[in-house]
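Chemist: These are the residues of each chain, in order.
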Amino acid sequence: MPNSRLILQDAPGKRVLLLGNEAIARGILEAGIGVMTTYPGTPASEIGDTVSEIAAEAGLYMEYSTNEIVAVEVAAGAANSGVRALTAMKHVGLNVAADAVMTLAYVGVKGGYVIVTADDPECYSSQNEQDNRYYALLSGLPCLEPSNAQEAKEMTISAVEISEKLELPVLLRTTTRISHTRGPVTYGRLVKPNLKGEFVKDVKRMVMVPANARTMHVKLLEKLEKAKEITEKTPYNAIMRKGNGEYGIISSSSAYNYAVEAANLLELDASILKLGMTHPLPEKMIAEFLKNHKKVIVVEELEPYLETHVKAIAKDYAPNVEIYGKTKEKYFPRKGELSTRLVAMGLAKITGKKPPIDFEKIDAAYAEIAKTLPSRPPILCPGCPHTASFYVIGRATGKKAIYTTDIGCYALGIMPPLKIGDILICMGASIATAQGISKTTGKDTIAVIGDSTFFHAAIPGLINAVYNNHKVVLAVLDNLTTAMTGHQPHPGTGKTGMQAMGNRVLVEKVAEGCGVKYVKVVNPFKTKEAEAVLKEALQHPGPAVIVFRAPCALMTVRDKRRKGIEIKACKITDQCTDCMACIKLLGCPALTVDEGKVRINEALCVGCGLCASVCPYNAIACSKTD
Amino acid sequence: MDEFNMVLAGVGGQGILLAAEILGTAAVKEGLNVRVSEIHGMAQRGGAVISNVRIGEKALAPTVMEGQADVLLGFEPLETLRNLRFASEKTTVIMNEERIPPTELTAKMLKYPSLEEIKEKIYCFTKNVITIDAKKLAKEAGNILTRNAVLIGALAATEKVPLKHEHIMEALRELVPAKYLDVNIKAFKLGYEHVKSE
Chain A
194 MPNSRLILQD APGKRVLLLG NEAIARGILE AGIGVMTTYP GTPASEIGDT
244 VSEIAAEAGL YMEYSTNEIV AVEVAAGAAN SGVRALTAMK HVGLNVAADA
294 VMTLAYVGVK GGYVIVTADD PECYSSQNEQ DNRYYALLSG LPCLEPSNAQ
344 EAKEMTISAV EISEKLELPV LLRTTTRISH TRGPVTYGRL VKPNLKGEFV
394 KDVKRMVMVP ANARTMHVKL LEKLEKAKEI TEKTPYNAIM RKGNGEYGII
444 SSSSAYNYAV EAANLLELDA SILKLGMTHP LPEKMIAEFL KNHKKVIVVE
494 ELEPYLETHV KAIAKDYAPN VEIYGKTKEK YFPRKGELST RLVAMGLAKI
544 TGKKPPIDFE KIDAAYAEIA KTLPSRPPIL CPGCPHTASF YVIGRATGKK
594 AIYTTDIGCY ALGIMPPLKI GDILICMGAS IATAQGISKT TGKDTIAVIG
644 DSTFFHAAIP GLINAVYNNH KVVLAVLDNL TTAMTGHQPH PGTGKTGMQA
694 MGNRVLVEKV AEGCGVKYVK VVNPFKTKEA EAVLKEALQH PGPAVIVFRA
744 PCALMTVRDK RRKGIEIKAC KITDQCTDCM ACIKLLGCPA LTVDEGKVRI
794 NEALCVGCGL CASVCPYNAI ACSKTD
Chain B
500 MDEFNMVLAG VGGQGILLAA EILGTAAVKE GLNVRVSEIH GMAQRGGAVI
550 SNVRIGEKAL APTVMEGQAD VLLGFEPLET LRNLRFASEK TTVIMNEERI
600 PPTELTAKML KYPSLEEIKE KIYCFTKNVI TIDAKKLAKE AGNILTRNAV
650 LIGALAATEK VPLKHEHIME ALRELVPAKY LDVNIKAFKL GYEHVKSE
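Chains A and B, in that order, are what the protein sequence lines are.
Read in order, the letters of the first sequence are residues 194 to 819 in our numbering.
Read in order, the letters of the second sequence are residues 500 to 697 in our numbering.
Simulated crosslink set (DSSO-like; lysine-lysine; CA at most 27 Å straight-line):
no.	chain 1	residue 1	chain 2	residue 2
1	A	Lys-484	A	Lys-426
2	A	Lys-488	B	Lys-557
3	A	Lys-484	A	Lys-523
4	A	Lys-777	B	Lys-607
5	B	Lys-607	A	Lys-564
6	B	Lys-607	A	Lys-612
These are calculated hints, taken from the structure and not from any lab test.
Assemble the whole structure, with the sequences as input and the hints as a guide.
Modeler: Okay, structure coming up:
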């Protein structure tokens with residue numbers, strides 16, 4: 194991340210390299226946004242993290258909210274007090290926020306309000322790859338889709354303007370490749386954020402009882418008509434190049450970049466209509482484009498959102514144009530992310546042109562290499578307290594229980610040799626799915642959840658367990674941070690988005706407050722004690738909560754490095770019999786085997802001492818074993 | 500220049516993303532268009548990490564196409580092999596010799612292939628291969644974490660990348676924390692000299 198000084202520079206015209214998400218953060222500063230809320234989630238996290246670093250100095254309010262719906266509601270309050278606001282989240286976060294978003298569309302806003310949804314085609318770091326353009330369609334909110342970092346910044350500002358003009362929240366939809374690609378960004382002028390709001394009471398507009406909701410639904414439809422005028426005129430919807438009239442390509446977002454490069458690769462003389470505002474779509478512009486071409490190819494990632502609309506428009510305005518996409522003949526995939534290659538292959542099939550690169554030859558040569566290549570999936574880091582927790586959970590249950598798991602690093606507990614994790618759906622699902630499983634199977638059921646996820650979504654599920662007396666154990670793996678998304682604070686840490694101390698909320702106090710009778714806190718690295726506690730919890734007749742508390746290893750190591758404290762790796766002593774217990778029990782990446790001998794990779798080991806505590810021969814020396 | 504494509508690949512924790520950002524920043528300083536893509540994977544460490552750096556006016560897409568890399572900068576031998584599909588006879592492969600066995604290899608008690616075996620496989624794609632013990636040179640520079648700077652130095656020494664040294668150094672100065680700057684500059688030079696002396 195470039196240092197915050199760079200993002201904060203009031204230097205119009207300056208050109209810097211920014212990550213898509215950093216460009217959105219810069220857009221927040223250039224749009225004069227006063228309130229930014231978020232719940233971290235890949236690929237959206239760096240928007241909030243960047244703003245958090247500079248919020249105090251830039252004079253805006255930033256918070257990590259407990260979850261996405263809370264984030265939207267806080268921002269909706271600010272925006273309805275006339276302050277410009279923005280909320281950022283990953284695509285599935287919008288599911289959590291959807292209840293608020295759907296009706297906020299009726300209520301509308303006074304200050305401009307932007308909701309950033311970062312979609313994740315290919316599920317690089319997500320449980321699904323839903324296409325959130327459908328949320329724009331479902332809710333009636335306008336939607337902008339940038340295709341690079343520069344546009345991500347510009348569109349953040351435009352989204353605020355459109356929102357204020359229509360008095361309607363606007364969606365800014367990125368994908369992983371937009372959020373996590375760096376590109377040159379030219380700065381505009383910074384706008385001083387206005388944080389001072391005034392709430393003007395207007396019951397008919399803002400209190401969505403049925404009678405008012407009916408009226409405001411009509412109002413929303415009127416706003417959408419106005420949005421249609423905007424989408425026909427916006428420079429974000431434009432013909433980027435003109436071809437000879439045979440082929441036309443319609444595309445948006447990342448897919449647009451692939452489409453241009455693929456057309457260049459094939460030397461295809463096609464017109465390209467780029468859509469940056471994809472809800473509502475510019476019907477007239479699309480109709481004109483359809484009329485001017487014999488064949489139109491829709492290139493888009495994930496669902497056939499554009500294609501469906503383009504076909505509907507064609508029916509009314511250009512019934513004879515041939516339309517190619519991913520629905521009838523599947524020229525492009527409907528799953529996963531696109532690439533220049535995939536788009537080129539689709540275009541080649543449609544146009545009969547031959548790509549100049551022999552992909553099949555490359556694939557064949559690579560297949561030879563790949564077949565002997567061991568995989569390297571993401572794994573729990575060396576020194577990760579979750580490894581200790583999973584070791585303890587496995588020991589206490591003989592790996593015979595059912596383990597429901599949740600969203601976070603600890604989902605990697607499914608990897609051998611730990612193998613803890615039997616069902617994973619969404620944030621907070623572990624605790625409630627455990628109840629259904631326990632009720633119907635009568636088996637020991639342990640729900641695993643992280644600290645940040647606990648605050649985000651587990652509390653209603655936990656209250657349900659108490660209320661309906663479900664016999665489940667909730668293991669909260671509390672590493673004192675939101676680790677997977679980049680170490681954001683959460684209620685359990687007490688630190689706020691303004692980089693100040695707020696009030697700390699403890700998992701165990703919440704659990705007790707929810708009425709859980711068995712609540713204990715353990716240190717996962719004290720494996721024997723933790724194991725005894727878990728065994729006791731499993732005997733408890735009702736729901737039990739165990740907090741496994743130890744800080745994230747990456748955080749510990751970073752702190753030590755900052756303070757200049759030496760990180761001492763563990764050492765194998767000559768007591769070692771190469772029994773492989775450490776290897777087979779833990780799967781720590783710092784433990785390796787060379788010519789039948791156990792070795793410790795000094796560059797990776799952080800000296801947590803877990804291997805020493807499981808070694809049957811006391812053959813691993815560690816300076817720290819607690 | 501239309502486009503210059505680089506693939507950086509290795510293991511989480513090796514400083515791959517920072518290296519890519521340094522190259523991308525140098526490109527902006529050069530006044531060029533650039534795309535630097537990265538995937539922030541599930542785990543912060545230990546997983547395979549790949550970043551693409553594409554420089555030039557024609558570079559719009561974030562990723563390099565199969566066979567189209569001008570440079571494959573491999574931070575780890577097996578990860579170099581894993582990304583060979585981006586290489587072809589025009590590619591220069593710069594590979595760190597530091598072996599980090601994947602846990603699958605450890606769990607199955609399999610042997611990590613020898614450097615010779617690995618090179619043989621690379622030769623099926625390209626003959627332009629430079630190997631370097633970046634871990635050793637980084638230690639020599641004073642900090643094992645500077646192996647990315649060693650590799651950037653090695654890359655600069657090939658004179659294939661369309662970036663001036665002064666811009667790379669300027670980017671390094673901007674992006675590396677001040678207290679580690681000297682060791683990083685030293686590491687860059689060691690990488691540079693290693694390739695020049697070969």
